[in-house]
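Trainee: Build the full structure now, drawing on both the sequences and the hints.
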Amino acid sequence: MPTVHFTDADGTVREIDGNVGDSVMETAVRNGVPGIVAECGGSLSCATCHVFVREDCFEQLPPMSDMEDEMLYGTAIDRQDNSRLSCQLKLDGDDVFVTTPSTQV
Amino acid sequence: MSTAETLQPTPQPMTGTRAATRTGLLIIGASQAGVQLAVSLRALGFDEHITLLGDEDHRPYQRPALSKEFLQGTIESESLIFRSADYWVEHNISVVKGERIVRVDKDADGSGVAHAASGASFPFSRLALTVGARARRMEVEGADLDRVLYLRNADDALELKARIGEAQDVVLIGGGFIGLEAASSLQKLGKNVTLLELGPRLVGRAVGEETAEYFLQAHRARGLDIRLNTNVSRFAADDSGRAVAGVELSDGTVLPAQIVLIGIGVIPNTDLAEQLGLEVGNGIVVDRYSIASDGTTVAVGDCANMPNPVPGSAPGERIRLESVNNAVEQAKVAAYSLTGRREEYAGIPWFWSNQADLKLQIAGLCTGHDQTVIRRDDERGKFSVLYYRGGQIIAADCVNAPLDFMAVKNALASGRNIPAAAAADPATALKTITTDSPTANQPPEGA
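Those protein sequence lines, which keep their order, are chains A and B.
Counting in this note's numbering, the first sequence runs without a single skipped number right up to 105 at its last residue.
Counting in this note's numbering, the second sequence runs without a single skipped number right up to 447 at its last residue.
Among the hints, erroneous ones may be present.
Capping the alpha-carbon separation at 20 angstroms, the derived lysine to aspartate or glutamate pairs in EDC-like fashion look like this [as the list claims (entries may be wrong)]:
hint, chain 1, residue 1, chain 2, residue 2
1, B, LYS431, A, GLU68
2, B, LYS382, B, ASP425
3, A, LYS90, B, GLU279
4, B, LYS188, B, GLU166
5, B, LYS161, B, ASP57
6, B, LYS68, A, GLU68
7, B, LYS161, B, GLU78
8, B, LYS68, A, GLU59
9, B, LYS431, A, ASP22
10, B, LYS188, B, ASP370
11, B, LYS68, B, GLU209
12, B, LYS106, B, GLU279
13, A, LYS90, B, ASP425
14, B, LYS431, A, ASP66
A few chain B residues that don't get close to chain A, going by computed Cβ distances all over 12 angstroms [what the hints assert, rightly or not]:
hint, residue
15, TRP88
16, GLY98
17, VAL104
18, ARG136
19, ASP144
20, ARG163
21, ALA218
22, GLU248
23, VAL254
24, PRO315
25, SER353
26, ARG380
27, ALA407
28, ILE433
29, ASP436
To be clear, the hints were calculated from the coordinates, so they are not data collected in a lab.
The model shown is predicted, which means the values in this text are computed figures rather than measured ones.
From the three backbone atoms N, C-alpha and C, an ideal C-beta is built for every residue, glycine too.
Mentor: Structure follows, in structure tokens:
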């Protein structure tokens, strides 16, 4: 069972067990992790599940679509090189380490 | 696991009534608005017990995917569940399934008892109505035939999924978001889909003329048979006399249909509010803090009629919004009210709809616009309409154009403008031309 390690903007870490095939966003929302809003429920429409992915996790993640790339330009906290929308990050069995921004809206 | 199983489950302690336990807050309605209210209250430190009560036999789930990914079979029903069972337990929130409240007795201090059809009762200190809306029924001969379906909740979606295999020809009635989303999903499943709309255009008033026309052309280009200005006179039965076999139009044409799916809008659920003596009119009338006319009950979501929260809207103008975003934002306002604070509605109303490869995102409300600017890039499949009133941008419909959507949403949220003249070139990024000041052609205040 992969674990998603969420670090919030204040440095608090939450470790949540996820299921293979679920997204990082789903894992967060179902367990009420603050810092992930996900108003659209994962249909790539709202850009409120923005996360910063730890460098060494980048390789294991699915590639970014053009639509995700465009949506990332509208996040509440400006995107960085390691920004992703967590609804697009399906768990494949490995642990994932992400940091949530100080606000999503 | 079958979809029915995954949506259904959850044994104790979440099932069952808790008639004996008085709850601090009883939330009637366990959909988006009710769930958000409970979650927001806990985030604000509300420490009384909460009961989140729904009339369906499912754990609280999200609806938008029912007509899209869920119908297409690209996501599991488990993905629709809002929160894990552990979350509710850890947060001292009792989730009650399958109880339909038929009467509420309430005192002036806001406390009372809600009575369910089952005979169970739920005493509360404070009441919230997040009772949503129900599908508008079509009243025409044959409307009660088997395989004439609606799509509003999970049971509707499960039935449609269970029966779609029997059908090759599907007729959809209603050219709104549900009709178009379901039509796209069913087309993707290989069905022969015809969509009938009574009016002269698609999507009613939710989008502007240009966007409606764009969707009409785009769907027709993708092979969807859309017929506007088309009136249904009756549904014809098959040989058994029990199930639908065709749809007869007012010109006498009969379209074969083994399934008819009706999406002709919703009606807010106001029965309980009326029984409680609350003011009702196109929904439960609430003030800007989501409080109903008795001064204690809060109402949130599709069922609530509120003062228009959009900056610059006419004084006294009221509005009822059917959207996830509204359920969320209104629930936050209500949560503040229940914790003794007064906070205004934050943010700008927004909507989305995914149909085939068309991603529609709407920011703001286009009501009252006096100018439009169209940004169209057919090569990249992008299309946006920006709406202006007095030179100030008030809304945008964006198709496959998240950058435009985000730029407009952010401009509206921060009270800025995107000058119309500069916005017409689709190659110009709207973000780069957003300005702090109104444009020169804005009329003076009060003009």
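Trainee: Take the C-alpha atoms of A/LYS90 and B/GLU279, compute the straight-line distance between them, and say whether it is at most 20 angstroms.
Mentor: 47 angstroms, violated
Trainee: The output says B/SER353 does not contact chain A. Does that hold with a beta carbon cutoff of 12 angstroms?
Mentor: 9 angstroms, violated
Trainee: Please work out if B/LYS161 and B/GLU78 have their alpha carbons no farther apart than 20 angstroms.
Mentor: 16 angstroms, holds
Trainee: Is the claim that B/ILE433 lies outside the interface with chain A correct, judged by CB distances over 12 angstroms?
Mentor: 15 angstroms, holds
Trainee: Please check whether the beta-carbon of B/VAL254 is more than 12 angstroms away from every beta-carbon in chain A.
Mentor: For B/VAL254, whose nearest Cβ neighbour in chain A is about 37 angstroms away, the distance exceeds 12 angstroms, so it holds.
Trainee: Check the hint pairing B/LYS68 with A/GLU68 against an upper bound of 20 angstroms on the C-alpha distance.
Mentor: 19 angstroms, holds
Trainee: Decide, holds or violated, for the assertion that all CB atoms of chain A are farther than 12 angstroms from the CB of B/VAL104.
Mentor: Correct as stated: the minimum Cβ-Cβ distance to chain A is 29 angstroms, above 12 angstroms.
Trainee: Would you say B/ASP144 is clear of chain A, with no C-beta pair closer than or equal to 12 angstroms?
Mentor: Answer for B/ASP144: holds, closest chain A Cβ roughly 33 angstroms.
Trainee: For the pair supplied as a hint, B/LYS106 and B/GLU279, is the alpha-carbon distance within the 20 angstroms limit?
Mentor: 15 angstroms, holds
Trainee: Check whether the Cα positions of B/LYS68 and B/GLU209 lie no farther apart than 20 angstroms.
Mentor: 24 angstroms, violated
Trainee: Test the statement that B/GLY98 is away from the interface with chain A: the closest C-beta pair must be farther apart than 12 angstroms.
Mentor: For B/GLY98, whose nearest Cβ neighbour in chain A is about 22 angstroms away, the distance exceeds 12 angstroms, so it holds.
Trainee: Given the proposed pairing of B/LYS431 with A/ASP66, does the C-alpha separation stay at or below 20 angstroms?
Mentor: Distance of about 18 angstroms is within 20 angstroms: holds.
In summary, the structure is inconsistent with hints 3, 8, 9, 10, 11, 13, 15, 25, 26, 27 from the numbered list given earlier, while agreeing with the others.
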